[in-house]
Every structure is written in C-alpha cells, then in structure tokens.
Amino acid sequence: MTLLDITNLSLRIGTHEILKEVSLSVEAGEIVAITGESGSGKSMTAFSAMGLLPETATTSGGISLCGTDLLAQSEAQMCDLRGQAIGMVFQEPMTALNPVKTIGDQVMETILIHKALPPDQARARARELLDRVGLSADRFPLGRFPHELSGGQRQRVVIAMAIALRPKLLIADEPTTALDVTTQAQILELLRDLVREFDMGLMIITHDLAVVADLADRIVVMRHGEVVETGATQTLLHNMQHPYTKMLFAASNHQVTLPEPPAPSPLLEVKGAVRDYPLPRKNLFAKPEHFRAVKDVSFTLYRGERLGLVGESGCGKSTLTRAILGLEPLQSGEICLDGMAITTTQNPEIRRRMQVVFQDPFGSFNPRHRVDRLITEPFYTLIAPPTGSARSDLIAETLRAVGLQPEDAQKYVHQFSGGQRQRIAIARALITRPELILFDEAVSALDVSVRAQILDLLVELCEAYGLSYLFISHDLSVVRTITDRCLVMQKGEIVEAAATEEIFANPKHPYTRALIAAAPQLPELDQGAA
Amino acid sequence: MTRNLILGTGLSSLVVLAALVSFIWTPFDHTAMDIPAKLQQPNGNHWLGTDHFGRDIFSMIMVGARTSIAVALVAVGIGMGLGVPLGLAAAANKGSWLDEIIMRANDLVFAFPSLVIAILITAIFGAGAINAIAAIGIFNIPVFARITRGAALSLWEREFILAARVAGKGAARISGEHILPNIANLLIVQGTIQFSLGILAEAGLSYVGLGAQPPTPSWGRMLADAQTMVSFAPHLALIPGSAIVITVLGLNLMGDGLRDWLDPKLRLAR
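From first to last, the protein sequence lines are chains A and B. One gets the numbering used here by counting positions in the first sequence from 1 and adding 98 to each. One gets the numbering used here by counting positions in the second sequence from 1 and adding 47 to each.
Read the hints as simulated data drawn from the structure, not as lab findings. Treat the hints with caution; some may be incorrect.
Cβ-to-Cβ under 7 Å is the rule here; a few derived chain A residues that face chain B [unchecked claim]:
| # | residue |
| --- | --- |
| 1 | Phe296 |
| 2 | Lys393 |
| 3 | Phe397 |
| 4 | Tyr400 |
| 5 | Thr443 |
| 6 | Gln444 |
| 7 | Pro446 |
| 8 | Arg449 |
| 9 | Val454 |
| 10 | Asp458 |
| 11 | Gly461 |
| 12 | Glu475 |
| 13 | Pro476 |
| 14 | Thr479 |
Just so it is clear, CB atoms sit at the ideal spot from N, CA and C, and this is done for glycine as well.
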C-alpha cells in the first residue's frame, strides 16, 4: 500500500493560492525528492503533510498516510502522529535544537512525549540512536550541548530526533543546504542508509538538483504551486518532458565562456597576510588568546583576471575578503592594490578602485533609499562626482548594463526580486568603473535560473568593461565556470592555487580532491537539456 | 492602526489640547483666590470644584498640563539630544576606549535610583522647574544611549553598512545617513515612553516640593496640597491624580501602539 498519498491538494492562504491540485505519493523505502525554485510551494507541501500550516490556510484534496486521512485529523491526533508516524528534519541545524537542553534530552523528548518507553529505557534508546547517526558515546556523551557541536553534527542530532520512534515517513526540508559540501555528502549518505535500514519513506525537499539526481528514487518538480513533472529519477533525467524541468537542469549546470584575459600585470597583491581575532578572556587576568583566521596568505590577482577563492565555512575566506576591502586590520603582512597599501584608514585613492557585491540580496541595501541613491553611493569616493544630466545618464547606462530599466532608479529595493536586487548590487559596484570587484558569495542565495542569468551578466560585463574580480564562493560548479584561476583555502591557508580547469581536472592537494569528490554532480545528460 | 494607538493618541492629544488652550483661555484665572467659594464640589460654575483657597481646579489642571508637558518635553529632548549621539558614537567605535567610557559612564548614572538623585540635585541647586528638568533629563541620557547603541550595533553588521564603508564613507556620515533613519522608529517609541516617565517624575518632584514653585500650578503639588484634606474633600486629590493617570496611560498606550505600527516585523506577525 502507498505510504503517503497526496491527491489533488490545493492550499490557499487568504486570497493567495499556494498549491494547486498537487498529487504525489511516497512508497515505503522510497526516496522522493521534491524540487523547484523558491516560491514553488515545495516546503508548503511538506508542511501540509505534517499538519504544520498557518491557521489561516484552507485546504482541499486529500493527504493520506497508510490510509489515515491526515487533513481530517484533529490537532491532538496530529500531535500523536508527528514524531511517531512522521519525522521531520529541518534546514537550519543551528536553530532546530534548543540551545539550553542537552542533546540526550532532546532526543529523549520525542520518545517521552509519546510515552513510548519509560525514562531509563528512553535514555538507552537515545544513546543507540546517537550511535546510529554517527555520534559515538566516547566523543558525544548525552550531556553535550548543541553549541559544542558543529553544523553537521547538529544535523545528525536532528535526524536522531526525527527517527527516534522509527517513523514510517521522514520529511527532510533542505536538510543539507546550510552545510558544507563534505558534510553534505556524509548527511546524505546517512539518510540513504537509514531509509534502507528502517524501510522508511523519505520525502526530501531541496533546490539542489545535483543532490536530487544523486539521492532520489523519484523526482517531483514543482513550479508556482503546481507539479510540472514527476517520474523515476533515471527516466526523468534522460527524458525530460516539461520545458521548465529542462530549463532548471540546464540552469544548474550553466556554463559560460569567459573572454581571454589580457597579459598579466599585478593588480592586487596579498603578501603574508595574517588576521587574528581575540578570543574571550578565560579569566579576568589572563591575556586573551587569539584565533588565527588567516594564516600567512599570499597571492596576486592580475589585471583583467577572474580569480576564484573556494573554501568551506570557517576557512577564513570572508575574513580575507574584509581585510582586502580594508574593513579589518591585518596583524602582519601587507595587501597592496596597484602598489598602494590597503589599510583600515579611509583612502579615497584606493576606495575608488575597489568595490564589492555581497551574498544577501536583502541585506545589502538601506531599505529607506531609492535605487538611484543606492547605486550612486560609491560616488562619494570621487573627487568630482557627476551631477545633473551626466549623473542621471550614468545611472541609466549602469542600470541598462545590468539588465534593468532606467525607470527603476526611482523605486525602492523592496519592489525588486532577489535576482533583481543582486543586479542592483552589481550596478552599485560597477558605477564608478572600479578596477577590482569582490564577489562575496554573490550568487549563493539565488535560485538556479536567476543564478544562470547573473553569471551570463558577469560574462557580458567582462566583455564590455574588462572586469577584474575575486569571486569568493563555496560552490565549486559556479567557480569552475566563472573564473580563470582558482585558490583553494582551508583553515586559513591557501592549499592550492592553479588555473581553474587544472584544479578541477587534476587536483593536487588532498583537501581539494576531497572537496571535488564530495560535491554532488549532475549526471551527464545525453539529450543535452539546453 | 491598533486600538491601543487610537486610544493612546486620543488621551494624549486631550491633555496636549488642554495645555494649548490654557494659553489663551481658562474658565477662571488659575491664580485668583476666592476664599468664600473654597472647597466646592464640582458644579456648574466650577466644573471640577475649587480648592482650599477657592481657586478653580479645572483651570489649574489645564495650566498644570502645560507645566508637566514642558518639563517632560525638555527632559526627553535633553536625553535624546545627548544620548542618541553618544550611543551612535559608542556603536561606531565598538570595543574602543570611547565605547568603554561612554557605556561605563552610562552604567554609573543607571546605578543610582533616578528619583533619589533628582531630589539630591534639586536639593543642592535649589527647587524649581529648571533644576527638575535638568535632573530628569540627565537620567534620560543613558536610556537613549543604550537603546541607540544596541540597535546601531546590529545595523553595523549589515551588508549595506559594509557597502557604505567600502564606498569610503566615514563613521559619522554612515551614522547620520544609514543608521539613524533605520532606528528612528525605535527612538520615537522610546521617546513616548520616556515622556510619560518624565511626567511621572515631575509630578513626584513637585509632590515633595522640589518641582515647579508656586504660583506655577503643578499636578504633583496639587496632590501634595490635597493630602491633608483628603478626608472631607477627596476630589482635590482625585482630580490631579486622575489627570496624571490619564496622561501616563495615554502616552504608554500610544508608545505601545506606535511600536506595533512602526515595526514592520511585528506587523507581519499579526
């Protein structure tokens, strides 16, 4: 019998239609991946099955779990089912755990709430579960607190909580999005093993098609609250019917061709850069210790070069970015732009030549300013900023260059989508024609189709303006296509630096090899989905 | 617009209106004594009755509103005018000696019970409205400095501030251009609440005779005067008491309502 059966599920909140006639099913022991871009309704589908919808939501259609109609259950009955019959793993392991309770107590909580076992046996069961998810008793006693664990370890605890009562169905909402690639590979492996072992159904929600292709038995592609295509993974991958599915896969694997860089002449030189952070004092009189986030890093970025910087979270790449921008001081070493040393004191001569695009398209702008004011902020560094019609012409030209309309200058940022905001951020970085632009995870928060557009835009701008940039990212597939040369950073040090193709084709350092091996790959699609 | 905001604004504007009208018109001269008409209950002629000198209570309440509002307004002005720049400076130089000095000085002021020190100040420099204003104002400074620093610190971490720094803007310019407009909501709400506390403090100081001096009417002193007669003329105490309650309640409701209304995050949550 089908484990989870969703038939013609429609959901509206107020007048807003979230889901339209969604039908899908999950069998026992099967991994079904629901994928789609933001706003496609994939998370709402999962929340419907959990009965965790906002109170104002109205539903029609049916959701049945082993023949029980979930939509007809009262809240008390749903509480019984949650944890017992359905387990859930959330995206953000940093917030999914209660910081003041030990991991043992949190795993036991599920067992105790459902009165499945008396407390002493529940404790033993919690221990077994933590062992099962790979947190061994000697290193991870039950008394550990969440803050003592890394992101991947916390996600293991969350999974242990979800499978505590051997639910028939496990729902995982973007379980690896917040994790590094090497950790992601381990967590996906764990989930796959658990499904086989417990004969659970797993409904995994993810935007990452490489993960989907790698893990799922069946794929459900959603857009605007509708299922556009569904099928067994291999069949669907090799025979995509819907244009949206084709577009999605093409965009995930989007390749661009960069123009040839000019002859190398050094632009940015980083020589022996060291950056320490003071740690909190252990006691009042002890000298505070230091954490060395960037250890003796040296590299050169040449004029017209597109340089990548890859590393996992905590490797020091953001710290290095801030040091290059002159936002934070170095403890030793030197960073020079065109021969001038970069320091934290404001030097307009240097400021004018360097700009930055940040990751978060929502936090990068003052919400109270209009676009024209936002993108002209770097004019502050100019000796004679353009005024009057020269200014408005430049604004219009820059907005057109990033694919927006000149009329957009009078709007506020909240009127734009995430991808459009990232275009505005690029416009701001571009307007003074800086010699160097830093992209700090600039496409990481974007949907794949939007990301593909932004990558195309970067190539166009490279051709038009001969950009030099440092592209900082954890996403190997993006770095591979958008850079000429690439640096790999681990624990504050650059472990490998070579031409990008060389690094991917022939990685020398073991860490680079591990990174490339862990990154989920889209299979080669013979039909050429583009 | 919530019920709180409407009710609060209504009550507060009633008090402000009374204070404004008192400049051009009051039913009687609030200083004119009329001994034969003393201690009257509220009636058609004297709407809220008369006190032990036969002065019209309604007129005194109206003029008293003026005193309360003036004292609280200037006190909040002092608190904001000094506290906000101090808080912005502390946030902009987080962790520096300037930050330490400003915040430890704030802690020092906070460490003393405000009303007791206000009494001390007025006792040393003499009773009077000006000294009361200064005393209340000084204790508003750390309130605004702290709230400004706290809110500004989280903004300093935002990427649009980093972008402004990359554009070469200095701390002072970023504070004025980016930080202040984004914490204005918070300051307005806190200002309303401090305003009501200022009115309470002024009433308290006047009650012990350290606030506005006669003949300037003050709600606090009216309460003090009524104290001995509360057994046979309770309205003498009830009326200024109610005036204080209504004003403070109105301002607090307004502050609460404003916070809900101005904070887009809370608005979405509802």
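Give me the numbers of the hints this structure contradicts, sorted from smallest to largest.
Of the numbered hints given earlier, those the structure breaks are 1, 2, 3, 4 and 5, listed in rising order.
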